[in-house]
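Heads up, the sequence shown is in the UniProt record's numbering, so the first residue is 1 and it goes up one at a time.
Honestly, the hints are just simulated from the structure, not real lab data.
A quick note: this is a predicted structure, and the numbers were derived from the prediction, not measured.
Any given hint could be a false lead.
Unchecked claim - Restraint-style ranges between C-beta atoms, simulated for each label pair: (1) Arg40 / Asp170: 30 to 36 Å; (2) Val162 / Asp119: 29 to 35 Å; (3) Arg40 / Gly172: 35 to 41 Å; (4) Gly203 / Asp112: 35 to 41 Å; (5) Ala173 / Thr205: 29 to 35 Å; (6) Val71 / Ala22: 21 to 27 Å; (7) Arg116 / Asp184: 17 to 23 Å; (8) Arg189 / Asp112: 33 to 39 Å; (9) Val163 / Pro109: 29 to 35 Å; (10) Ala102 / Leu122: 17 to 23 Å; (11) Asp170 / Met1: 19 to 25 Å; (12) Ala179 / Ala22: 35 to 41 Å; (13) Ala22 / Leu122: 27 to 33 Å; (14) Asp112 / Asp190: 43 to 49 Å.
Ideal Cβ positions, reconstructed from N, Cα and C, are used throughout, including at glycine.
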Amino acid sequence: MTIPTNLDHIVVATPDLAGTVAAIAAATGVTPEAGGVHPRFGTRNHLMTFGEGAYLEIIGLDPAVGTAEQVVFGLDRVTAPVARTFAVHPADPDAALAAAAAAGADLGPLGDGSRRAPDGTLLTWRLTRPLAADDSGVIPFVIDWGATPSPAGTIGARVDLVVFELTHPDPGALRPRLAALGTDVRVVRDDVPGLTLAIAGPGGTWTPAPL
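Make a model of the complete structure from these sequences and hints.
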């Protein structure tokens, strides 16, 4: 499929990071690459690139980190791997946030984020709080990498994005908010809002559970 405009990454939240990484590797023939830790949130991630500046983040709580300042992506509630939300990287983040707010989606301000890569490199970025505008995850958060290269260009583990769409009871209400953020992710009508995802590698296809 064509990568949606300004898609930065899709987030799969899981209660069992190691198990999910193993399941994805078994299904696709590609092993997700270790990303790093986020001490503030008590999380660790693994990554896979789609190419074209977009990637997949598989994230879970890291028991070694201890108590988190803030739980992200509803990781204290997920019971199976789920496509939880996604991030976009508009060319002008502040203008996009203002346009989204005017369209009825208040994502809040950009704040600082960071993680340390396995080689010790500190990666930094600015982002809005995930799920701030909608707990279903259909409104993306905004990320601005600034001078830090996006992981999409450095990840060695590559898979194809074969399905990525949003479900929503009122697609006509959601689409203008996505357009304000500069993205054109497909939206289909469904009583339950959420994300549908499938990735594929040489070994086959993997898809997470519905939210």
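Going down the list of hints, with the structure as the test:
1. As the Cβ distance of Arg40 to Asp170 is approximately 35 Å, the hint placing it in 30 to 36 Å holds.
2. In this structure, Val162 and Asp119 meet the distance hint of 29 to 35 Å, their C-beta atoms being roughly 31 Å apart.
3. As the Cβ distance of Arg40 to Gly172 is approximately 38 Å, the hint placing it in 35 to 41 Å holds.
4. A hinted range of 35 to 41 Å for the beta carbons of Gly203 and Asp112 is consistent with their spacing of about 38 Å.
5. Distance hint for Ala173 and Thr205: a CB-CB separation of about 31 Å, consistent with the stated range 29 to 35 Å.
6. Between Val71 and Ala22 the C-beta distance comes to about 24 Å, which sits within the given range of 21 to 27 Å.
7. Under the hint 17 to 23 Å, the C-beta atoms of Arg116 and Asp184, about 34 Å apart, miss the expected range.
8. Evaluation of the 33 to 39 Å hint for Arg189 and Asp112 yields a pass: the beta carbon distance comes to about 37 Å.
9. At roughly 32 Å, the beta-carbon separation of Val163 and Pro109 lies within the given 29 to 35 Å, and the hint holds.
10. The beta-carbon spacing between Ala102 and Leu122, approximately 35 Å, falls outside the hinted interval of 17 to 23 Å.
11. Between Asp170 and Met1 the Cβ separation comes to about 24 Å, which falls inside the hinted range of 19 to 25 Å.
12. Separated by about 38 Å at the C-beta atoms, Ala179 and Ala22 satisfy the suggested range of 35 to 41 Å.
13. Judged by the Cβ atoms, the range 27 to 33 Å given for Ala22 and Leu122 holds: they are separated by roughly 28 Å.
14. The hinted range of 43 to 49 Å is not satisfied by Asp112 and Asp190, whose Cβ atoms lie roughly 35 Å apart.
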